[in-house]
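Student: What follows is the residue order along each chain.
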Amino acid sequence: MNSVSVRALLVRGMLAGLATGVLALITAYLLGEPHVDSAIAFEEANSHDHGHDDGVELVSRTMQATGGLATGVLVYGVALGGIAALAFCVALGRIGRFGPRATAALVALGAFVAVFLVPFLKYPANPPAVGDPDTLNQRTALFFLMIALSVLLAIAAVILGRRLAPRLGNWNATVAACAALVVALGLAFAFLPSGDNVPEHFPASLLWEFRMSSLAIELVLWTGFGLIFGELAERLIVPKAAERDERQPETAAVS
Amino acid sequence: MAQSAAPVSSRPALPEIAPISFKEIAPWLAFGGILMLVLLYFVGAEQGATSLIAGKDVHEWVHDGRHLLGFPCH
Ligand SMILES: [Zn+2]
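Chains as they are written, first to last, in our numbering: chain A, 1 to 255; chain B, 1 to 74.
Be careful, since some hints might not be right.
[To be verified] Stretch-level coverage of chain B by chain A, calculated; a stretch enters the list once three of its residues show a Cβ under 8 Å from a Cβ in chain A:
hint, region
1, 25 to 39
2, 60 to 71
[Unchecked claim] Derived lysine to aspartate or glutamate pairs resembling DMTMM-like cross-links, with alpha carbons at most 20 Å apart:
hint, chain 1, residue 1, chain 2, residue 2
3, A, Lys122, A, Asp196
4, B, Lys56, A, Glu57
5, B, Lys56, A, Asp134
6, B, Lys56, B, Glu46
7, B, Lys56, A, Asp132
8, A, Lys122, A, Asp132
9, A, Lys122, A, Glu209
Keep in mind that the hints were calculated from the coordinates and are not lab data.
The beta carbon of each residue, even a glycine, is placed where N, CA and C say it ideally should be.
Between the sequences and the hints, there should be enough to build the whole structure, so can you do that?
Tutor: Pasting the structure below:
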């Protein structure tokens, strides 16, 4: 049990990312695509110069909404699953007395908040037609800067919590570290420029629903990841627990 | 978020899980981390603000995913 293989965990993280990517893909197709279509309809009805290819359609809408969407969401799931698995390798046994399953759940929660939710609060997902193509460079830079900042601050908060724990106790150290994180993020939010550029007459309800569907996709992705990867990691690291569980009827760890 | 003071009481204690040493993690973090970031780059940003491959095919193919996953697109 001492030498847990990082490679084995990385592979399991990518597989869990693929599996939960399928769930996220179903969510994206059912909840997200209708809003993408509505936004494109608005775009075509309202624009003289549309942001994308003029005239030639490289990929049909049907392919974008099926094969293209699947590629995007599944690769995203695999990549973030791999990164989260590596974060799990670092966190395991270092963030408190948590078993593999609980550590996986905490890492998934942390990743959801740091990688998606915090950047989303500052620079939320936008449907087609929202966002000026001329500002794409700036918006892209700010978006990735926000993710990097959010992840670095989250890591700093974990380290701070660990440092404070011996003095304040676990609970208070966690509260203090989270409070410091919130203050730092608040300052970042206040000083970074706003990225919004919603065209006039774009339906507010469509914008809201599109963003909620984006949130739902990520919630499904990370909940599924935490549960599936947690189960795989638990079985890998604590073989005894897996044996015990096998005697009970197994329900797959699907959200 | 905090190292435990491990109260040795009630409940059959969880087997202590030894952290994986950074020496062991580092090569995977470098190799896996870069590979994963490259994948994310192609899903989220290629042929948008920056472009390694000419054309618009990659952008158009992952277009819906890019919008729904929150990446800036157009
Ligand atoms: Zn677009």
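Student: Are three or more residues of the region 60 to 71 of chain B within 8 Å, CB to CB, of chain A?
Tutor: holds (count 12)
Student: Is the hinted pair Lys122(A) and Asp196(A) satisfied, with a Cα-Cα distance of at most 20 Å?
Tutor: Roughly 9 Å separates the two Cα atoms, so the pair holds.
Student: Given the hinted pair Lys56(B) and Glu46(B), is their Cα-Cα distance within 20 Å?
Tutor: holds, 9 Å
Student: Tell me if the straight-line CA distance from Lys122(A) to Glu209(A) falls inside 20 Å.
Tutor: Judged against 20 Å, a Cα distance of about 17 Å means the pair holds.
Student: Is the straight-line distance between the alpha-carbon of Lys56(B) and that of Asp134(A) 20 Å or less?
Tutor: OK: Lys56(B) and Asp134(A) at ~16 Å, within 20 Å.
Student: Between the alpha carbons of Lys122(A) and Asp132(A), is the straight-line distance 20 Å or under?
Tutor: holds, 17 Å
Student: Verify the proposed pairing of Lys56(B) with Asp132(A), using a straight-line Cα cut of 20 Å.
Tutor: At roughly 18 Å apart (the allowed maximum being 20 Å), Asp132(A) and Lys56(B) satisfy the hint.
Student: Quick one: see if chain A covers the region 25 to 39 of chain B, three-plus residues with Cβ-Cβ under 8 Å.
Tutor: n = 9 at 8 Å, threshold three: holds.
Student: Measure nothing beyond the straight line between the CA atoms of Lys56(B) and Glu57(A); if it is 20 Å or shorter, mark the hint as holding.
Tutor: The hint holds at about 10 Å.
Violation of the numbered hints given earlier is absent; every hint is satisfied by the structure.
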